[in-house]
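Number of protein chains: 2
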Amino acid sequence: MKATVLAHPNIALVKYWGKRDDALILPHQSSLSLTLAPLSVTTTVEFGAASDQVEINGHTAKGSERDRVLRVLEAVRGEAGGKLGPAKMVSRGDFPASAGLASSAAGFAALAVAAREAAGLKADPKVASMLARLGSGSACRSVQGGFCEWRRGERADGTDSYAVQRFDAKHWPELRMVVAILNRDEKEVKSRDGMKHTVDTSPYYAAWVKDAEAEVPRAVEILQRKDLQALGELAERNAWRMHSTAFAADPPLCYMNPATLGLIQHLREQRKKGMPVWFTLDAGPNPVLLTDAAHEVAAEALARACGAVDVIRCVPGGDAELKGEHLF
Amino acid sequence: MKATVLAHPNIALVKYWGKRDDALILPHQSSLSLTLAPLSVTTTVEFGAASDQVEINGHTAKGSERDRVLRVLEAVRGEAGGKLGPAKMVSRGDFPASAGLASSAAGFAALAVAAREAAGLKADPKVASMLARLGSGSACRSVQGGFCEWRRGERADGTDSYAVQRFDAKHWPELRMVVAILNRDEKEVKSRDGMKHTVDTSPYYAAWVKDAEAEVPRAVEILQRKDLQALGELAERNAWRMHSTAFAADPPLCYMNPATLGLIQHLREQRKKGMPVWFTLDAGPNPVLLTDAAHEVAAEALARACGAVDVIRCVPGGDAELKGEHLF
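Protein sequences, first through last, are from chains A and B. Each residue of the first sequence is one higher than the last, beginning at 1 in the UniProt record's numbering. Each residue of the second sequence is one higher than the last, beginning at 1 in the UniProt record's numbering.
Take every hint as true, because none was put in to throw you off.
Restraint-style ranges between C-beta atoms, simulated for each label pair:
(1) B:Asp168 - A:Gln229: 52 to 58 Å
(2) B:Met275 - A:Gln229: 43 to 49 Å
(3) B:Asp21 - A:Gln229: 34 to 40 Å
(4) A:Lys126 - B:Met275: 53 to 59 Å
Below, simulated SDA-like cross-link-like pairs (lysine to any residue); rule was C-alpha separation at most 20 Å, straight line:
(5) B:Lys272 - A:Asn257
(6) B:Lys210 - A:Thr201
(7) A:Lys210 - B:Thr201
(8) A:Lys187 - B:Gly262
(9) A:Lys2 - A:Asp52
In short, the hints are calculated from the structure, not lab data. Even for Gly, the Cβ is constructed at its ideal location relative to N, Cα and C.
Work out the full structure, taking the sequences as your base and the hints as a guide.
And the structure:
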């Protein structure tokens, strides 16, 4: 059986930063994100190949990238009763390189949903979310669209650590995320290494965990009433705190560059003049601006004026979805 | 009686950030600084005037600036038995405006020592340090030269919160501090307001206090063996943590500007190439580079290449000292 699925990346408004279990990718705290269209990754999976084959963006995957895919496929084989053979997987993203958005989130979400479908298993967003998490933590938040909360869970086996959709993409269609690509260079410290370094050496890490956990229900309440200013302030606060706990690591870990800070300061000036625009920032130098449909053109102009070499305007994205056309 | 004293500013290697008592200026944690020459403030005090007169840099002081000076003078009158009348005080600094170094630290240290001398009191660095603290917290670290530790103290009346000299200026004469003035604008949020905002709203503040307190004895041990690299790493770590606890405030408080971050990142590159240079940063955008005599010219060049509009090269400064020439 063959199945093809398209999934979107997501950007966290309350960030995930730090694992309590490296193998199962279990986080120390809950997080909350918005799924982003039109960016997407499409993945086709077919069981019954001669051997496992993993092709991503035209290249045969190797090393840890291949290992993470096989971990997800193996879990699906287990769920299906162990009767499925090796699989062929082909994946293609429409992501610009180093956009500052994790293509792995969309990729593993698409893989998890496609592999379960190809295995003949009944669709189950909760199970697919846990599978996606085994490939890349934040991928668990891309199985469903709109606003998804990744509940940290308590169990050691990870069976209560998955994302649930709090509001679908239609809840707040006017919301916009504008990705400002200031720098395409690959970041020096990968997120997973940066997280580990922060957990191990930042004296602020315990306070980060407690604070982020408390921000999730506040964010849900703000989303319920669609209060852009409150959401923007919460997103900025949380982004600063995620970065601050990394700045406080030993040695300090800084993902911002001068242009990032310049854009952040310019945003604040623009808000004083009445423009509703805030930022969030993942573990890289490229901010994502949060605004509404009426201001997305102005937000793009602002990003370009601050040195963005490229800008991607995003709207709330939908669930990972089955496609009729396969990649092989 | 008339007395004139010259005192130097200081730069903290373990920062002071946050008061446990606003009126007595008592800190939450201990701190440790280096006194800096040749920058200085000279102050003349004479008791027996018709009314209190306070002149700073050619202007009659008003408002809180005047109030802080009178608080110190009043404490000296109390120490002297209450028999001294109003005082005339004239103070002049050789500080460039907004160097990012607190001229108030040198000013209040000079005032405290000069006022006690003018009152006929026996010189006592501990008492002078406590008096200077009443004007500006970090001033307590400028009464003596070299490396001074401000012990936070425990008492509510502040009588155990003062600076002690751990090493004099001759202990490590090759040490250099190079002030890189990137921006002369007055900062938007004054230190005392920024501290209060951080204490009140940063979830990282408690961890800052605990961490900074633990860094002081480590810094003393490093100073003992004159290990520039270890001192540089400690200073950078502490500066990032001070700023991080402010970044994590609500709303976030950022004293860096893009040029600050650019210089910090450039420093790291230069270190990889073998140049022994680190930074510290007070509550403003202008970094102070930490290096040795053999590299101070290169450090100045580096600062200018990163956009410094002015650079001040400093050496370890001495104690606040009596001068024979008076300002009036």
